[in-house]
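Trainee: Whole structure, please, built from the sequences with the hints as guidance.
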Amino acid sequence: MQKFILKYSLPLCFFWTATIFVLCATPGQYIPSADWLELLSFDKFVHAIIFFVLATLAFVNVIKKQHGPGVLFIFWLLCVCYGALLEFMQATCFSNRSADWKDIAANTFGCCLALFLIKKIRKLTSTTGQRIS
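In the numbering used here, the protein residues as written are 266 to 398.
Warning: the hint list may mix true and false statements.
Said to hold, decoys possible - Label pairs and their in silico Cβ distance ranges:
# : residue 1 : residue 2 : range
1 : Leu275    : Ile314    : 15 to 25 angstroms
2 : Gly335    : Leu378    : 12 to 22 angstroms
3 : Pro334    : Tyr273    : 21 to 31 angstroms
4 : Leu342    : Ala290    : 21 to 31 angstroms
5 : Gln267    : His332    : 19 to 29 angstroms
Just so you know, the hints here were simulated from the structure itself, not pulled from any lab data. Glycine included, every Cβ here is placed at the ideal spot set by N, Cα and C.
Mentor: Printed below as a string of structure tokens:
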């Protein structure tokens with residue numbers, strides 16, 4: 266699975282970006298709701314995980330191409346802005362959807378978590394001499 270993700274990280278990143286868009290554009294009445302999920306803030310957890318995956322796929326591409334930390338930051342910023350843009354679009358463009366600043370915070374948290382993880386992996390691979398290819 267790891268080799269598959271490394272080999273196809275760019276198409277997977279585009280596929281995941283499109284999947285997020287479709288999920289966010291889905292009208293609200295088609296999204297299941299349960300009161301017990303709200304108690305656990307399950308929605309925010311899902312947002313964080315979705316954007317963690319997106320950012321991780323994007324960062325793998327940056328590392329594979331051996332770009333520096335500036336490019337990594339730009340991709341992080343793009344992922345965060347994408348999350349904020351989708352929330353804005355939920356408030357203005359998509360039917361039966363609404364924006365929530367807490368969703369933006371959860372999206373950003375997922376991107377930050379991915380950045381932290383990738384930096385740790387990058388540091389580990391640079392000290393052991395291994396390459397991500």
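Trainee: None of the hints should be skipped; say for each whether it holds.
Mentor: Against the structure, the hints come out as follows:
| no. | hint | verdict |
| --- | --- | --- |
| 1 | Leu275 to Ile314: 15 to 25 angstroms | 21 angstroms, holds |
| 2 | Gly335 to Leu378: 12 to 22 angstroms | 20 angstroms, holds |
| 3 | Pro334 to Tyr273: 21 to 31 angstroms | 24 angstroms, holds |
| 4 | Leu342 to Ala290: 21 to 31 angstroms | 23 angstroms, holds |
| 5 | Gln267 to His332: 19 to 29 angstroms | 21 angstroms, holds |
In terms of the numbered hints stated before, the structure departs from none.
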